[in-house]
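Number of protein chains: 2
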Amino acid sequence: MRPFCRFARTAGHLQNTFPRYKARSFTATTQVNKYQPPKFQKQKDPIMATTTLKGQPFDRPVLDSMLRRRMFYTPSFEVYGGVAGLYDYGPPGCALQTNVVDLFRKHFVLEEDMLEVDCTALTPAEVLKTSGHVDKFADWMCKDPKNGDIMRADHFVEEILESRLKGDKEARGVKVEEKEDDPKKKKKKVKATEAVKLDDAVVQEYEEILARIDNYNGEELGQLIKKYEMKNPATGVEPLPPVEFNLMFNTPIGPSGNLAGYLRPETAQGQFLNFAKLLDFNQQQMPFASACIGKSYRNEISPRSGLLRVREFLMAEIEHYVDPHGGKKHHRFEEVKDVELVLLNRHTQLAGQTHVKKVAIGKAVADGTVDNETLGYFLARIHLFLEKIGIDQTKLRFRQHMANEMAHYAADCWDAELQTSYGWIECVGCADRSAYDLTVHAKKTGAPLVVRERLAEPITVEEWQIDLDKKKFGPHFKKDGKTVEAAVEALPQEKREALAQDLKLEGKITIDVEGVGNGKVEISKDLIVIERRKRVENTREFTPNVIEPSFGIGRIIYCLMEHTYWTRGSDGGDEARGVLSFPPIVAPSKVLLVPLSTHESFKPLLRHMSLKLRSLGVSSRVDDSSASIGKRYSRNDELGTPLGITIDFQSVQDKTYTLRDRDSTKQVRADEETILTAIKSLVEGEKVWADIEKELPTFEGQEVEVPVR
Amino acid sequence: MRPFCRFARTAGHLQNTFPRYKARSFTATTQVNKYQPPKFQKQKDPIMATTTLKGQPFDRPVLDSMLRRRMFYTPSFEVYGGVAGLYDYGPPGCALQTNVVDLFRKHFVLEEDMLEVDCTALTPAEVLKTSGHVDKFADWMCKDPKNGDIMRADHFVEEILESRLKGDKEARGVKVEEKEDDPKKKKKKVKATEAVKLDDAVVQEYEEILARIDNYNGEELGQLIKKYEMKNPATGVEPLPPVEFNLMFNTPIGPSGNLAGYLRPETAQGQFLNFAKLLDFNQQQMPFASACIGKSYRNEISPRSGLLRVREFLMAEIEHYVDPHGGKKHHRFEEVKDVELVLLNRHTQLAGQTHVKKVAIGKAVADGTVDNETLGYFLARIHLFLEKIGIDQTKLRFRQHMANEMAHYAADCWDAELQTSYGWIECVGCADRSAYDLTVHAKKTGAPLVVRERLAEPITVEEWQIDLDKKKFGPHFKKDGKTVEAAVEALPQEKREALAQDLKLEGKITIDVEGVGNGKVEISKDLIVIERRKRVENTREFTPNVIEPSFGIGRIIYCLMEHTYWTRGSDGGDEARGVLSFPPIVAPSKVLLVPLSTHESFKPLLRHMSLKLRSLGVSSRVDDSSASIGKRYSRNDELGTPLGITIDFQSVQDKTYTLRDRDSTKQVRADEETILTAIKSLVEGEKVWADIEKELPTFEGQEVEVPVR
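So the sequences go chain by chain: A and B. Quick note on numbering: this note's numbering labels position 608 of the first sequence as 608, and the sequence is numbered without any gaps. Quick note on numbering: this note's numbering labels position 419 of the second sequence as 419, and the sequence is numbered without any gaps.
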């Protein structure tokens with residue numbers, strides 16, 4: 001929605017030092033249109049000028065209406081008026097989701113022996129405090145003091161300025177198209193844009209503010225509202241200064257209300273907390289990955305963009321744990337090194353370019369574009385996954401985070417972005433998060449979230465060791481004994497050396513021990529020995545680094561629907577009919593069974609073919625309604641059903657059937673066995689329609705409806 | 001945990017008039033041990049005397065420790081101290097869950113063309129207010145005024161009385177076993193039971209209270225606490241009177257905090273609200289079913305019983321919509337009519353019996369034991385599903401709800417109960433909920449949650465119709481016009497007849513119209529005509545009835561683990577080793593690949609077999625650790641892996657492999673192709689091990705470890 005160049009023009013002013021918690025970023029929420037070249041600014045339009053699979057102009061409202069009519073999705077609780085940002089998947093959407101998740105499991109979890117876990121969404125506050133979400137996972141919102149309207153501060157500023165710019169254009173006689181993507185907003189009686197001409201300098205100021213709208217903090221947004229006298233059109237009143245709003249849903253756990261809890265905003269934390277057990281399950285072998293597929297929750301201030309920014313959504317996250325030493329190699333990198341990706345790296349973004357060529361991931365890792373093999377391996381695997389489910393390869397790119405867009409601890413981060421009518425949408429994040437997460441939880445809880453590895457060759461360490469004479473030490477310090485002992489144990493090596501010197505020269509040492517006496521404690525040489533000694537280490541202990549591919553399944557599904565959608569002109573001059581060209585592997589249903597009519601003689605064959613397909617593991621649906629064959633096929637083209645079997649009077653006589661291809665509408669005819677074999681090979685991806693067309697006789701047009709005998 | 005007879009002894013006092021919301025019932029939470037014959041009372045023990053699959057005494061702590069060690073499940077957030085009632089599934093538990101859900105989809109959703117939807121867990125309060133959950137989905141809790149402890153009132157009464165009875169037994173010199181099922185409770189320093197002898201009459205009073213503990217309301221529990229001077233052992237203070245605690249997690253939606261919301265306590269409501277759209281999706285054809293698989297949430301006051309009573313859990317619910325007229329027939333009932341079920345009906349329960357014989361569902365429906373075919377169909381299908389996933393058929397029964405246990409609108413209700421060491425556990429509820437849910441939502445929202453069916457033969461209806469002279473009516477009543485008109489339209493048929501008489505005799509009628517004048521309105525005959533006329537109806541409108549099979553997936557999984565568990569004595573005199581005899585179809589992993597040793601020559605074969613199995617769609621895992629073959633197999637017996645392939649030096653030479661059966665530990669040996677075919681037939685359920693043993697040569701003992709050449 002905001003096709004502005006953030007980085008080329010504003011790189012110096014970026015505030016995102018903690019992007020994991022910036023509600024804007026995906027691992028927080030969306031960052032719609034993170035990057036567009038400067039030229040794009042002037043073509044700003046809420047519906048991006050994209051084209052369908054067949055190169056037709058893309059019409060979002062038409063697709064959207066079709067998706068709702070076919071119940072791919074529907075606003076939740078619509079009979080109660082609905083709730084913004086909550087959607088239900090209807091039968092085809094739900095089946096599509098199940099198939100994508102199933103493929104995710106096969107492609108990632110089973111293929112790589114990942115350890116899948118199912119962690120709870122309910123999360124105690126303490127965990128999310130440690131992870132940083134309680135403090136940082138927030139957006140800026142401002143409130144209208146008159147009617148209590150709550151608006152996301154950046155959205156508010158953006159809308160006011162856009163509206164003024166539009167008024168300016170109208171005053172200058174430039175034609176402006178109406179936004180059509182948010183029917184709800186239209187219903188609100190927002191004051192119509194006034195056609196007021198602005199100074200050229202003001203226009204430029206506004207455009208510059210819009211260009212860096214993502215980068216203002218609350219105070220700055222408040223200053224902009226004041227400076228440009230922005231008022232809520234609904235009340236004519238200036239909103240109150242922006243305040244931070246944490247995007248997590250909070251809900252106390254248990255009856256006392258004392259245990260603060262949240263719904264998780266991501267599945268990652270549950271995986272990190274199970275690290276030690278998972279390592280144990282994996283028999284202490286490194287590297288390994290865990291995975292979790294489940295719902296996450298973000299209490300968006302004002303959800304827009306349909307299925308792309310919702311309050312409850314399905315995520316699939318992988319946490320791959322790798323030894324930080326040795327360059328983060330991956331033992332299967334060789335298998336993917338020739339996979340070619342569109343990589344939009346930092347330098348290209350800084351140079352204001354977007355046109356990038358595909359490059360083999362092997363080369364990108366070798367030349368340092370991608371930080372390491374493991375990260376590169378996952379980028380390639382993500383690419384292959386998206387390709388497999390039917391994402392348009394020309395609308396996929398991997399965009400590298402800018403240095404100041406990443407968390408300080410992150411080594412590298414790439415987003416798989418998919419191009420849609422909303423712009424480039426981040427659908428998968430793939431970050432090298434270093435040892436951050438395990439470290440903070442270990443520090444907070446004292447749990448050993450580390451790997452202990454037996455060294456092939458023991459190493460000898462020379463160090464200053466301290467021995468206390470416990471028998472005398474306790475009685476000497478009495479109740480402070482443990483505190484003093486702990487302070488002694490905690491003395492760092494460099495200090496020990498100096499103290500050893502003191503002990504030798506003065507016969508005693510003085511150390512700082514908080515809470516004991518005046519904070520200084522003397523220990524005489526009869527109680528303590530400090531010596532340099534050699535120690536042999538057989539194990540090495542380290543906190544693994546985490547490579548985290550994080551998938552927004554709902555976003556991927558929405559993009560998939562845009563990418564596979566096209567229309568075909570009707571023969572009869574009706575409206576263009578919609579088609580969703582899902583690959584068979586993810587299509588909600590694989591085969592439509594249509595009898596030529598409701599004639600009784602077709603019923604046994606329908607049932608027979610249904611059972612046959614089920615026994616092959618191929619999902620099918622019957623449409624024996626009285627609508628014409630054409631209408632029934634049209635309906636299933638909209639549902640994305642790739643294949644159709646027609647049962648006609650000839651089928652009753654000779655047990656042959658026609659098989660129809662959704663995309664070409666071509667038909668072939670053959671006996672049952674041949675048709676079933678063809679279907680199985682198509683559904684399993686062994687063959688494509690062109691193969692079938694070559695092998696089997698083409699069938700032209702269904703016979704007329706003549707009953708048998 | 002409370003093996004008491006609720007119905008035989010207390011049927012007259014039952015309070016449950018609205019059991020859907022009674023937190024005790026499953027559709028609310030658990031009803032552990034709903035029914036046991038009176039005799040059982042005296043054998044009360046928290047761990048029921050059950051046996052394993054092989055008839056061995058069942059030892060819950062041993063199984064539990066194995067399940068945690070193998071990470072079937074683990075307490076969530078354990079490194080932060082854990083949260084009661086929240087558990088994560090580790091890799092084998094998660095895979096088991098995925099397989100059970102997958103089978104649920106195949107067995108129910110695909111088999112019956114159900115319309116699966118994925119609705120949000122976040123739910124606006126208004127929806128749950130209408131459904132009754134806001135007012136009724138509660139438990140009684142009481143608070144200790146001294147330390148703030150919150151206890152479930154019935155649990156508190158129960159524990160105090162049990163403790164006193166135990167003290168009495170000790171005083172009488174009867175040996176009492178310690179409860180072992182709740183390690184947490186042990187840690188709390190509850191005052192040890194005092195050995196105080198009670199009067200025989202008091203003992204009887206206590207036992208009678210315990211027998212009907214499920215049936216007291218808050219006030220009655222409060223009276224019991226007062227009467228018997230029950231004090232919290234932790235403080236010695238009597239708790240405050242019980243107050244109702246709603247078990248739903250609440251969380252406001254959106255930034256203003258004005259939209260009250262809850263996490264759904266069941267998935268049903270989302271399905272009901274989509275009824276009209278689903279009917280449309282189904283092309284207006286009845287009957288049909290929707291289904292939803294997803295997490296639900298219940299804020300239990302004090303969760304006990306491990307995985308059986310948790311705060312976040314996976315449900316799978318089916319809402320089958322059926323025409324209430326015509327006896328609720330099911331067109332596939334014929335297919336299941338001979339399935340035999342253990343049916344514990346109302347009468348048997350009232351007679352205090354539990355020993356019931358299997359009866360064919362066809363007979364049970366015919367003789368009226370089960371209310372109708374559709375309900376009977378689903379009971380049989382539930383039975384077949386549980387059988388398929390490996391539930392012990394001798395530990396499964398269907399228990400009918402007592403008349404006063406059901407909601408007033410329910411026609412019939414049966415629970416599939418599974419026997420475990422916690423007693424009989426309700427795992428699937430199957431209720432005929434009549435038209436209740438659709439009716440209340442339609443009434444609240446005005447949405448037409450009805451079916452309109454074209455009548456085969458139009459019917460003629462004779463009725464009293466009213467015509468208003470709109471031209472005069474409006475001006476006459478002015479601002480009250482619409483209100484009066486609505487009141488007239490709403491007049492029922494019997495009233496219309498009388499009014500027609502009045503109009504004829506007096507030239508005017510007087511009707512009640514709330515809010516207009518003094519509430520009485522006169523309408524003269526120049527404004528109104530009331531006549532008996534004939535009307536032809538072409539369509540029939542009705543609210544469908546709902547048959548609702550509701551599955552607690554987590555409970556089923558726990559019971560499955562108890563049912564498939566057994567131990568086998570070790571040869572070497574070690575401890576007995578655990579086995580989970582999951583059927584291959586649900587087993588977390590199907591095949592274990594073990595090389596005889598870590599010798600390099602095995603590696604290519606391991607990889608080859610892994611890939612082969614994957615291409616067959618069979619999940620496998622490799623264990624190439626240095627542990628002995630026996631240890632590695634033991635580990636996988638505990639994980640429930642049904643098959644094992646050993647790769648030894650002979651394999652390297654002649655490409656033959658041994659295949660091991662988990663349950664018998666027998667092995668056969670054959671070439672790759674034969675072994676793979678055998679595995680596929682076992683995993684797909686076409687063959688059982690006995691078949692394979694007959695077909696392939698037995699293999700005795702692995703060779704010693706001699707490298708090739």
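Just so you know, not all the hints are guaranteed correct.
Copies of the same chain look alike in the list, so a pair counts if it fits in one copy or across any two.
As the list claims (entries may be wrong) - Listed below are the simulated PhoX-like cross-link pairs for lysine-lysine, each with C-alpha atoms no more than 20 Å apart in a straight line:
| # | residue 1 | residue 2 |
| --- | --- | --- |
| 1 | Lys395 | Lys197 |
| 2 | Lys363 | Lys388 |
| 3 | Lys106 | Lys612 |
| 4 | Lys443 | Lys603 |
| 5 | Lys226 | Lys520 |
| 6 | Lys175 | Lys534 |
| 7 | Lys395 | Lys508 |
| 8 | Lys478 | Lys231 |
| 9 | Lys357 | Lys277 |
| 10 | Lys329 | Lys443 |
| 11 | Lys106 | Lys680 |
| 12 | Lys444 | Lys508 |
| 13 | Lys504 | Lys169 |
| 14 | Lys227 | Lys631 |
Just so you know, the hints here were simulated from the structure itself, not pulled from any lab data. Just so you know, these numbers come straight off a predicted model, no measurement behind them.
Verification of the hints:
1. Lys395 with Lys197: neither (38 Å within a copy, 81 Å between copies)
2. Lys363 with Lys388: This pair counts as neither: shortest intra-copy Cα distance 23 Å, inter-copy 51 Å.
3. Lys106 with Lys612: between (25 Å within a copy, 15 Å between copies)
4. Lys443 with Lys603: This pair counts as neither: shortest intra-copy Cα distance 68 Å, inter-copy 40 Å.
5. Lys226 with Lys520: neither (53 Å within a copy, 58 Å between copies)
6. Lys175 with Lys534: neither (81 Å within a copy, 60 Å between copies)
7. Lys395 with Lys508: For Lys395 and Lys508, the Cα distance exceeds 20 Å both inside one copy (71 Å) and across copies (74 Å).
8. Lys478 with Lys231: So Lys478 and Lys231 fail the 20 Å test inside a copy (68 Å) and across (41 Å) alike.
9. Lys357 with Lys277: Answer is neither: 43 Å inside a copy and 46 Å across each miss the 20 Å cutoff.
10. Lys329 with Lys443: neither (28 Å within a copy, 63 Å between copies)
11. Lys106 with Lys680: Close inside one copy (19 Å) and across copies (18 Å); limit 20 Å.
12. Lys444 with Lys508: neither (35 Å within a copy, 83 Å between copies)
13. Lys504 with Lys169: neither (83 Å within a copy, 70 Å between copies)
14. Lys227 with Lys631: Neither: 59 Å inside a chain and 74 Å across chains, both beyond 20 Å.
Checked against the numbered hints given earlier, this structure breaks hints 1, 2, 4, 5, 6, 7, 8, 9, 10, 12, 13, 14; the rest are met.
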